[in-house]
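Next come the chains, spelled out residue by residue.
Number of protein chains: 2
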Amino acid sequence: MKILPVKGTRDFYPEEMALHNWIVDGWKKASIRNGFEEYDGPIFEYLQMYQVKSGDEIVEQLFSFKDRGERDLAIRPEITPTLARMVNQKINALPKPIKWFSLPRLCRAERPQKGRLREFFQWNIDIIGEDSVLADAEVIFTTVDYLREVGLTPKDIKVKISSRKLLATVLKKIGVPDEKLNPLYTLLDKKVKLPAEVFSTTLTEQVGGEMAGRIIAFMGSQTITSIENIVKAEAGDQLEVAIKELEDCACRLNQMGISDYCVFDPGIVRGLAYYTGIVFEVHDIQGDLRAICGGGRYDNLLRDFGGPAVSATGMGMGDCVLEILLREKGLLDKKITSRTLDYYVVPIAGELLDEAVKLTAGLRTKGFKSAFSYKAAGLSKQLKNASEQNAKFCVIIGDEFKAGNVVVKDMASGQQKTVPLEDFLGNPEKF
Amino acid sequence: MKILPVKGTRDFYPEEMALHNWIVDGWKKASIRNGFEEYDGPIFEYLQMYQVKSGDEIVEQLFSFKDRGERDLAIRPEITPTLARMVNQKINALPKPIKWFSLPRLCRAERPQKGRLREFFQWNIDIIGEDSVLADAEVIFTTVDYLREVGLTPKDIKVKISSRKLLATVLKKIGVPDEKLNPLYTLLDKKVKLPAEVFSTTLTEQVGGEMAGRIIAFMGSQTITSIENIVKAEAGDQLEVAIKELEDCACRLNQMGISDYCVFDPGIVRGLAYYTGIVFEVHDIQGDLRAICGGGRYDNLLRDFGGPAVSATGMGMGDCVLEILLREKGLLDKKITSRTLDYYVVPIAGELLDEAVKLTAGLRTKGFKSAFSYKAAGLSKQLKNASEQNAKFCVIIGDEFKAGNVVVKDMASGQQKTVPLEDFLGNPEKF
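Which chain is which? The protein sequence lines are A and B, in order.
Here the first sequence is numbered in the numbering used here, starting from 1 and rising by one per residue.
Here the second sequence is numbered in the numbering used here, starting from 1 and rising by one per residue.
Derived by calculation from the structure, the hints in this document are not laboratory data.
Intra- or inter-copy, both count: the list cannot distinguish identical chains.
In the EDC-like style, the derived pairs of lysine to aspartate or glutamate whose C-alpha atoms are separated by at most 20 Å in a straight line are:
| hint | residue 1 | residue 2 |
| --- | --- | --- |
| 1 | Lys28 | Glu38 |
| 2 | Lys384 | Glu15 |
| 3 | Lys375 | Asp131 |
| 4 | Lys28 | Glu16 |
| 5 | Lys172 | Glu240 |
| 6 | Lys96 | Glu16 |
| 7 | Lys90 | Glu388 |
| 8 | Lys244 | Asp354 |
| 9 | Lys335 | Glu37 |
| 10 | Lys358 | Asp248 |
| 11 | Lys392 | Glu37 |
| 12 | Lys29 | Asp342 |
| 13 | Lys191 | Glu210 |
| 14 | Lys96 | Glu15 |
| 15 | Lys28 | Asp11 |
Based on the sequences and whatever the hints tell you, model everything.
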């Protein structure tokens, strides 16, 4: 019987795994450096949890199933609902602000395409219980901190920032009725993916030509002040509040030293229904890829999941688009090795294998990464094996062993010395 | 709407996550130290893959579902079939022996109970393409290398070793027909979990009283020689081969220095159908827990999955029983922290928050784990925060800042010094 992998999933052979670990470890380090703590939840939850707030696109893409008790379950397509559930469960015991990150494996029943698979990994960071725009800025900073570390410059990527509050207020001022807002977000979010004409026609069908024109003008605004040409802010209204938040955020990002990565772009909408304030996406400047990541403020989600009204802001970055971009930019060219060794033990004849087994076990017991060849082979073949496994040293058990000695060879310099086996094993690092 | 987690799953809050990471990182380090390379596969595969060889218990416990193309899929209950599929796909390109490890998340639709959950993590190590018993011994050594490192001694645990080849040959010599072997393994594997009388009665029902008596005598044998009282080995027959393999394995384990952990126990059967040679389980000596891990040789699995006949041996260890045992033995008492910081930045007044934001971002940009308080608070409150987050140093922005200075406080010694901010940020480790 020959079995194939399922389309849209990946096999991580050691080489791909090393690259995957390099990406995930980078996410983890950036999170910890920025003061976030790791959490995780189950790979499956009650189906219902994803039907509440995740938006139609995600609900359509759920892998759902029943357990033996006929309960409806689903593999997680995102981790934010799990986060909301977990925080709600312990809301009173957790010191605020809660700064958590997670590196979940997620599944969505999509049609596999460039940068979109049915199984992927996502970096999530969230700050819960902090109203201040400083939290939004910190989420954006942490995102940039990682992207900058892996080598992406302001010439490669831009953080495009807007505000759902700004968008909602503008739409209402333009005359869009409340109940039309949510479906409209889904359409507006697709603006960059649709041909301009198709977008314009579809939008006109939904809200009429006059409103469509004003919405398109708003989404194309380059500056906050130019928005005032489309709708006017009045003292104390939500538009003024939203503009103030965006200005504060820009000020914080400047203090944090990442202004050169950031730009205001009211075309940023985010598809999910639950955003309430500042939203952002990171895009490659060439613009031929999907968003590298996205996030924003979602102040009502915990309440929607049965908890208290607690503010929150966060970001999610998948591994697929990121990897494509890093590869395009030549940032994965350096060798990411799947294996390194401290010592490779080489018995030069079959009857010395016993000694190689003993020595290797002894080195491993002392905590050194060590290996040996199962097969007796010539010295040059074995040195080649050692080199392929990136061994720092070879320990050769050969003729010298009759006198109780081994030869320790530095694989980088090629230098070697003969030392008593017992002395070597007593303190390998001395040699 | 209030949503609950699904029974038999776990939420990893930062504290539990830190413990989980400590276990998984230990597995990873032991694998790498022993020369294994990491791989991973998809969380779901075609349902059929698990119906071939995994044994009835696993098939009954599958979480299966259909995708939108009506294909039957299942969440992985073990990773060995994925390993067989992946190795088969690239069998000619992979240098042998293949030494791979994985740390998969697995799901089984079991009734949750002590040490058994519906979602768990499992350490897997496998050596493929090596016939020698040395490979089996190396798998056992790597297992013990980890268990010893986390503090388990020969007084806490025993590696119980037997051979499926030995068992099969003995059963056949006793007179069990070939077609009864597989169902019998499932029953014999349950021996330790069943009351002696129930086991004896059930076995007698299956094979008759005379055979049942001899099987029970065999499973209770303490030494290889005492088996010869039940069935005789003849020159060159499979029983002689099986005994020779067990003796060779014992010799290798002695060379590797772990004989004190190991014992021969023909009561070890392993439930899965695919084992062909040496099998083993690690048990706590008190014996009130399920097996901590198990493994063995499975030489036909790759062929059964449509590949060539390539020998293989491996081990799987779940995280649930391990964690219970480590807790019982007091080996988790040391504090495993979810968060440490290099620097905690303390503005002593609200108007200094801007400076705290700048300084923290600067430290993070240089790679230091840093945090600050969102809220202005008294110095003692903020030092308490820093201490709770295990900060090594506090950087206090206070009155000294008027002259461009900050106070760097060593949290362990309590010592502090006043330094110019610019000098500090230029080289924080100098202070």
